[in-house]
Structures are given as C-alpha cells and as structure tokens.
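*Asks:* Letter by letter, the chains look like this.
There are 2 protein chains.
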Amino acid sequence: MPSKRIGKQTVKMLKPPSIVGYASVVGKKEGEGPLGGSFDYINEDTTFGEKTWEKSESRMQKEATERALKKAGLTYDKLDYIMAGDLINQCIASSFAARESEVPFVGLYGACSTMAEGLAMSSMLIDGGFSGLSAAVASSHYCTAERQYRTPLEYGAQRTPTAQWTVTGSGAVILSEEGPGPYITYATMGKIVDLGVKDANNMGAAMAPAAHDTLAAMFHDTGTSPADYDLIVTGDLGSVGYDIVLDFFKRDGISFNGNYKDCGMAIYDAEKQDVHAGGSGCGCSAVVLCGKLLNDMKAGKLKKIIFAGTGALLSPVSTMQGESIPCVCHAVCISADR
Amino acid sequence: MPSKRIGKQTVKMLKPPSIVGYASVVGKKEGEGPLGGSFDYINEDTTFGEKTWEKSESRMQKEATERALKKAGLTYDKLDYIMAGDLINQCIASSFAARESEVPFVGLYGACSTMAEGLAMSSMLIDGGFSGLSAAVASSHYCTAERQYRTPLEYGAQRTPTAQWTVTGSGAVILSEEGPGPYITYATMGKIVDLGVKDANNMGAAMAPAAHDTLAAMFHDTGTSPADYDLIVTGDLGSVGYDIVLDFFKRDGISFNGNYKDCGMAIYDAEKQDVHAGGSGCGCSAVVLCGKLLNDMKAGKLKKIIFAGTGALLSPVSTMQGESIPCVCHAVCISADR
Chain A
1 MPSKRIGKQT
11 VKMLKPPSIV
21 GYASVVGKKE
31 GEGPLGGSFD
41 YINEDTTFGE
51 KTWEKSESRM
61 QKEATERALK
71 KAGLTYDKLD
81 YIMAGDLINQ
91 CIASSFAARE
101 SEVPFVGLYG
111 ACSTMAEGLA
121 MSSMLIDGGF
131 SGLSAAVASS
141 HYCTAERQYR
151 TPLEYGAQRT
161 PTAQWTVTGS
171 GAVILSEEGP
181 GPYITYATMG
191 KIVDLGVKDA
201 NNMGAAMAPA
211 AHDTLAAMFH
221 DTGTSPADYD
231 LIVTGDLGSV
241 GYDIVLDFFK
251 RDGISFNGNY
261 KDCGMAIYDA
271 EKQDVHAGGS
281 GCGCSAVVLC
291 GKLLNDMKAG
301 KLKKIIFAGT
311 GALLSPVSTM
321 QGESIPCVCH
331 AVCISADR
Chain B
1 MPSKRIGKQT
11 VKMLKPPSIV
21 GYASVVGKKE
31 GEGPLGGSFD
41 YINEDTTFGE
51 KTWEKSESRM
61 QKEATERALK
71 KAGLTYDKLD
81 YIMAGDLINQ
91 CIASSFAARE
101 SEVPFVGLYG
111 ACSTMAEGLA
121 MSSMLIDGGF
131 SGLSAAVASS
141 HYCTAERQYR
151 TPLEYGAQRT
161 PTAQWTVTGS
171 GAVILSEEGP
181 GPYITYATMG
191 KIVDLGVKDA
201 NNMGAAMAPA
211 AHDTLAAMFH
221 DTGTSPADYD
231 LIVTGDLGSV
241 GYDIVLDFFK
251 RDGISFNGNY
261 KDCGMAIYDA
271 EKQDVHAGGS
281 GCGCSAVVLC
291 GKLLNDMKAG
301 KLKKIIFAGT
311 GALLSPVSTM
321 QGESIPCVCH
331 AVCISADR
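As you go down the protein sequences, you meet chains A and B in turn.
For the first sequence, the tail end lands on 338 under the working numbering, and the numbers increase by one without skipping.
For the second sequence, the tail end lands on 338 under the working numbering, and the numbers increase by one without skipping.
One or more hints might be untrue.
Because identical chains cannot be distinguished in the list, a pair is counted as satisfied if it fits within a single copy or across any two copies.
[Said to hold, decoys possible] As a list, the in silico DSSO-like pairs of lysine-lysine whose alpha-carbon atoms are at most 27 Å apart:
| no. | residue 1 | residue 2 |
| --- | --- | --- |
| 1 | 12 | 78 |
| 2 | 15 | 4 |
| 3 | 301 | 71 |
| 4 | 250 | 198 |
| 5 | 298 | 198 |
| 6 | 28 | 4 |
| 7 | 261 | 8 |
| 8 | 8 | 51 |
| 9 | 28 | 78 |
| 10 | 12 | 28 |
| 11 | 304 | 28 |
Derived by calculation from the structure, the hints in this document are not laboratory data.
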C-alpha cells in the first residue's frame with residue numbers, strides 16, 4: 001500500500017472522501033455582511049427560537065446538520081459518526097445538538113480550528129475504511145462566547161482595535177466514501193504554537209504563528225507552493241493576524257499573489273459593521289466554508305483550496321492566571337479532482 | 001479488503017495497534033487507595049509543584065505522557081499525534097501540557113470517556129495507515145473539577161450519597177503500529193444517551209444507560225457475550241451507576257458472573273476514604289487502565305478485556321438552565337492476542 005504519511009505532519013488520502021452535503025446557518029449580523037447571500041438560513045433575532053443563548057447555539061448546530069443531510073438526500077441513520085465541537089464550556093452546544101440523533105458521537109475540542117479538525121479526522125476515518133459517511137460540525141454564538149470568554153454583554157465593555165467579533169453561525173459538512181467531489185485530498189494536523197502573546201483581545205496575533213507553521217508544513221510535505229492553489233484561506237485571524245502571516249511567509253521568501261484570504265476578514269464589512277479586526281469563533285470558518293467557498297467549488301470557480309482552521313486554546317482561567325495563549329491550526333486540501 | 005465496519009457502531013482493526021507504553025500519575029488520596037501500588041508516580045501534596053490547580057493538572061498530563069514515552073523507550077519527536085482531553089473549560093490541561101511537545105495535537109472532548117475516545121481514535125488512525133505512533137492522554141484533578149462543576153472547595157459544601165469523588169490523576173497510553181501487545185482489536189463509538197436524569201450529583205445514574213447502550217452494541221456487533229472476556233470495566237459509574245448497568249443487562253437476560261467491574265469503585269476504598277458512590281473524572285478510568293489493568297495484562301493475568309469510558313456531557317450552565325444530562329460511552333476491546 002502506498003504511504004499515506006507524507007512528511008512529518010501531513011497525510012494523503014488514497015481514496016479521498018467526497019463532500020456530499022453542506023449547510024450554513026447564521027445570525028442577523030452575518031446575514032447582513034458581504035457573504036449574506038451564501039448562507040442557507042439567516043435567523044433574524046439570533047435566538048433561533050430558544051430561551052437561552054446556549055440553547056440557541058445548540059439549535060443552530062442541529063439546524064446546520066439537518067440541512068446538510070437534507071441537501072445530500074440523507075438522514076441521521078445513514079451517518080456513522082458526528083464529529084463536532086464548539087467554544088462553550090464542556091462543549092454543550094455540540095453534545096445537546098447531537099442528543100437525539102442516535103449517531104455515534106466524537107466530541108472534538110480545537111477551539112476555532114474545530115471545523116478543519118473535524119474534516120481531517122472524518123476524512124481519515126473514511127479513507128481508513130472505518131466510516132462510510134460522517135458529519136463534521138462546528139458552531140459559535142456571539143452571545144455565548146462573550147459571556148464565556150469576556151464579559152456579559154450587559155456590561156457594555158469597550159472593545160480594543162485588535163478585538164474580533166465572534167460569529168453567530170454553524171456549518172456542517174457531510175463526507176462520504178463515494179461522491180462527485182469536491183474531495184478532501186490531504187490533511188495537515190497542527191502542533192501547538194505559542195509565541196508568548198498574552199492579550200486575549202488580540203487572538204489574531206496569537207494564532208498567526210500557528211497558521212504559518214501548519215501552512216508551511218503543508219507546502220513542505222506536499223511539495224507545493226501557494227501558486228498551486230486557487231485559494232488559501234485561514235479560519236479567523238482577522239486583519240491583524242492576517243498581516244502577521246503574510247509577514248512570516250515573506251521572511252521565508254514565499255508570496256501569495258492575492259490568493260491568500262482569511263474567513264474572519266471575509267465575513268463582515270469591518271468598517272460598516274464595526275467589528276474591528278474581523279470575525280472569529282468556530283462558526284466563522286465553518287460558515288464561510290459551508291457558504292461561499294463550497295458554493296464556489298460547486299460552481300467551478302475554485303478547483304483546489306487549502307482550508308486552514310485556526311484555534312486559540314486559552315480559557316478565561318488561563319488568561320487570569322497570567323498564561324500566554326497556546327494556538328493550533330489544522331489544514332485540509334479540498335480539491336475538485338481526486 | 002475485509003470490512004473494518006462490523007455492525008452499526010463497531011469497527012475491527014485489521015492489524016490491531018499495540019500498546020507499547022503507558023503510565024499513570026496520581027495524587028495523594030489515590031495513592032492511599034487499594035490500587036496505590038499500581039501507579040507510576042504519586043504526588044504527595046497534589047500540587048505537582050505548581051501554583052494553581054489548573055497548572056497542576058496540566059503538569060500531571062505532561063508527567064504521564066513523558067513517563068509513558070520513557071517506558072516505551074521513545075521521545076516526543078517519534079509521535080505522530082497526541083490525542084488528549086480533560087474536564088476543565090476549553091480543555092486547557094491538555095493544550096498546555098502539549099504546548100512544548102512539537103507533536104501534532106488533536107483535542108478531544110468526551111468528558112470522562114476521553115481515554116477510551118483517544119484510544120479508539122488513535123487506533124483507527126494507526127490501523128488506517130495515518131499514524132505510526134500516537135499518544136492517548138486524559139486527566140482530571142479533584143480541585144479543578146470541584147470549582148469547575150460544583151463549588152469552590154473553600155465553601156465546604158456537603159456531598160450527597162450519590163456524589164462521586166473526582167480522581168486526581170492522569171493516564172497516558174502510547175500506541176504503535178508494531179509491538180508485542182496488548183492490542184486494541186475493536187472499538188465501539190457511543191451514541192449520546194439521555195434518559196432524563198437532571199441531578200448533577202448523581203452522574204452514575206445519568207451515565208449508566210450510555211454504558212449499557214455501548215456495551216450492548218459491542219456484544220451485538222462482535223457476536224460476543226460477557227463470558228468471552230476476562231473483564232469488562234466501565235469508566236466511572238460508581239456504585240449507583242454500576243447497579244443500574246447490571247439491572248439493565250439483567251432485563252436483557254445477560255449476566256456477568258463477576259467479570260464486570262467499574263474503575264470508579266476500584267480506585268478508592270469507598271468507606272474508609274469517604275468518597276460516597278466512588279471515583280469519577282477523566283483521570284479515573286485513565287489511571288486504572290494505565291495502572292492495575294495494563295499491569296495485569298502485562299503479567300498475563302488478563303487476556304481480553306473491554307474498557308468502556310463513560311462521560312457526562314453536561315456543564316454547570318446546562319444544569320442551571322434545567323437541562324438533563326446527555327451521556328456517552330466509548331469502548332475498546334484490548335487483547336493479548338492480535
């Protein structure tokens with residue numbers, strides 16, 4: 001059998017799994033942004049009909065998964081695994097969303113890299129012969145994240161220029177051993193990178209070195225360069241982190257010629273929507289992927305992309321204890337061809 | 001290729017990965033319990049030399065991983081993945097423990113089922129050809145869990161008879177594509193089961209139905225019965241949950257003849273150590289596995305066991321919002337023969 005392990009961090013799928021369904025569900029603000037037209041469902045009051053924000057987020061994940069299944073012409077009973085995660089303490093958005101599904105549940109925690117982690121793990125289980133159909137799901141909600149990581153919204157705390165706005169949204173991808181594509185062809189799992197950033201209001205700067213590390217590993221392991229991809233997209237670095245990644249690659253002598261973008265910068269109109277450095281949260285990369293990006297792949301506008309989810313593995317407790325922010329980035333290559 | 005998927009929930013490893021190293025690290029109370037002699041390291045003041053409990057737990061995970069690597073004659077640079085999780089918000093014990101390892105990091109959240117989840121996922125990646133060597137790691141700490149889930153210790157809150165004592169401990173297992181065994185031969189990933197228990201001080205009752213569900217699936221999918229195993233062990237149901245599992249199986253017409261045990265009942269002397277219904281936490285099943293159980297397998301006293309991690313996927317927020325407790329159980333079969 002030809003090797004699936006190429007280089008130190010990257011794996012190659014021998015029979016790349018196909019994305020057969022995907023859906024994105026967002027809140028009002030995301031619906032009003034530049035990608036508003038790409039989402040499957042926009043909830044106008046951001047409660048999704050629930051009485052608490054945590055339940056709203058859980059409902060959102062369920063909605064995204066069920067819409068993705070429906071678009072693929074499938075039902076829960078066909079799924080071998082749901083791999084899901086979120087930012088809420090003990091990942092309750094995910095476990096409550098999957099509660100009635102009767103599908104084996106693999107809980108993940110990759111902070112905002114969760115969608116990429118779920119795609120990578122699902123793909124390995126499918127290509128490894130352990131699964132025929134899996135769902136990768138992630139979510140975040142502005143109102144759950146603010147009270148989780150920062151302060152309750154009612155306090156009206158002022159935001160710094162480097163702060164990002166947590167996306168209210170959930171994306172779900174259904175992966176299958178058979179299908180017309182696009183395909184997950186490679187996955188690069190990230191190491192934890194922590195260059196000492198301690199400012200929890202500057203996640204972009206904290207996560208950028210992890211994004212650089214994983215992207216550099218993927219280029220190295222696959223023997224490719226940015227020119228080999230139509231688009232390279234990071235999860236949610238925002239404008240501050242984005243510039244740092246460009247800067248790091250410039251030092252390596254690698255340039256992008258305009259084909260590097262960041263989901264956190266794409267989802268909002270930073271000025272008109274007053275989001276400072278951009279969007280963030282597990283939902284950010286999840287809904288940009290399950291909206292604009294996969295739509296463009298379906299339409300043939302994009303043939304081969306790198307989707308690199310970036311996560312800050314901090315908690316309010318680690319911040320209060322004076323710790324720096326360990327970060328991770330997981331990346332998958334998504335291609336129209338197998 | 002013969003099918004790796006047998007039944008709805010179980011996978012069979014075609015070339016079962018071998019456990020090549022394991023280690024357990026615990027606190028004082030665990031060291032004084034009936035399994036004290038089986039642990040690799042007992043820390044007498046439970047701080048592990050750190051200034052905060054969260055850092056103590058993280059240090060404990062690092063210690064367990066490094067001891068397991070050392071016992072296997074390996075170093076971090078040989079590992080393809082660390083798969084780890086814990087109970088602290090945003091799983092910081094795990095991410096901070098792996099921060100300097102330079103190993104691709106897969107964050108898991110399975111509450112107290114995390115060790116079983118990590119063993120299953122690591123085994124699938126190894127048998128699937130995506131990894132040569134992986135570590136599965138989990139931890140819990142009495143002092144982090146109490147202030148996380150219940151009340152700060154200083155409050156001196158009274159415990160109910162059904163309450164369990166969170167184990168201070170971390171276990172790490174190193175899995176390899178080659179080795180002398182014992183081997184992970186099967187894995188059954190659990191569905192979320194929630195029969196409506198709302199009492200966060202009675203986790204055993206909440207988790208028992210999930211344990212029954214997954215064990216029943218494993219017996220069904222592999223065509224085995226309890227008599228085919230030297231031991232079937234659940235993670236941390238304690239005495240209350242244990243009796244419920246026995247009761248559920250009795251209704252199914254299945255009996256155990258004394259070969260069903262629970263890690264939560266094994267780790268403490270419930271009466272002398274005043275732990276009420278038993279031990280709990282990610283660390284509970286992790287250190288019982290990485291102490292007594294794997295020692296007994298090494299010594300040939302046990303040839304074939306089912307290790308079933310049980311997790312309660314609640315958070316203090318879901319409890320306060322009046323929700324019941326979704327639970328999960330993941331199980332692996334560990335066998336001396338491939």
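*Asks:* Could you run down the list of hints and mark each one as holding or not?
*Replies:* Verification of the hints:
Proximity of residue 12 and residue 78 under a CA criterion of 27 Å is satisfied in both settings, with 26 Å inside one chain copy and 19 Å between copies. In this assembly of identical chains, residue 15 and residue 4 lie within 27 Å of each other by CA distance both inside one copy and across copies; the values are 10 Å within and 16 Å between. Taking the shortest alpha-carbon separations for residue 301 and residue 71, only the intra-copy value of 20 Å comes in at or below 27 Å, while the best inter-copy value is 52 Å. When the C-alpha separation of residue 250 and residue 198 is checked against a cutoff of 27 Å, the pair qualifies only within one copy, where the shortest distance is 25 Å, while the shortest distance between copies is 55 Å.
When the C-alpha separation of residue 298 and residue 198 is checked against a cutoff of 27 Å, the pair qualifies neither within a copy, at 40 Å, nor between copies, at 45 Å. Neither within a single protomer nor between protomers do residue 28 and residue 4 lie at most 27 Å apart by alpha-carbon distance, with minima of 42 Å and 44 Å respectively. Only within a single protomer do residue 261 and residue 8 lie at most 27 Å apart by alpha-carbon distance; the minimum there is 26 Å, versus 40 Å between protomers. In this assembly of identical chains, residue 8 and residue 51 lie within 27 Å of each other by CA distance neither inside one copy nor across copies; the values are 47 Å within and 35 Å between.
Taking identical chains as interchangeable, the C-alpha atoms of residue 28 and residue 78 are never at most 27 Å apart, the minima being 32 Å within one chain and 47 Å between chains. In this assembly of identical chains, residue 12 and residue 28 lie within 27 Å of each other by CA distance neither inside one copy nor across copies; the values are 39 Å within and 46 Å between. Taking the shortest alpha-carbon separations for residue 304 and residue 28, neither the intra-copy value of 31 Å nor the inter-copy value of 54 Å comes in at or below 27 Å.
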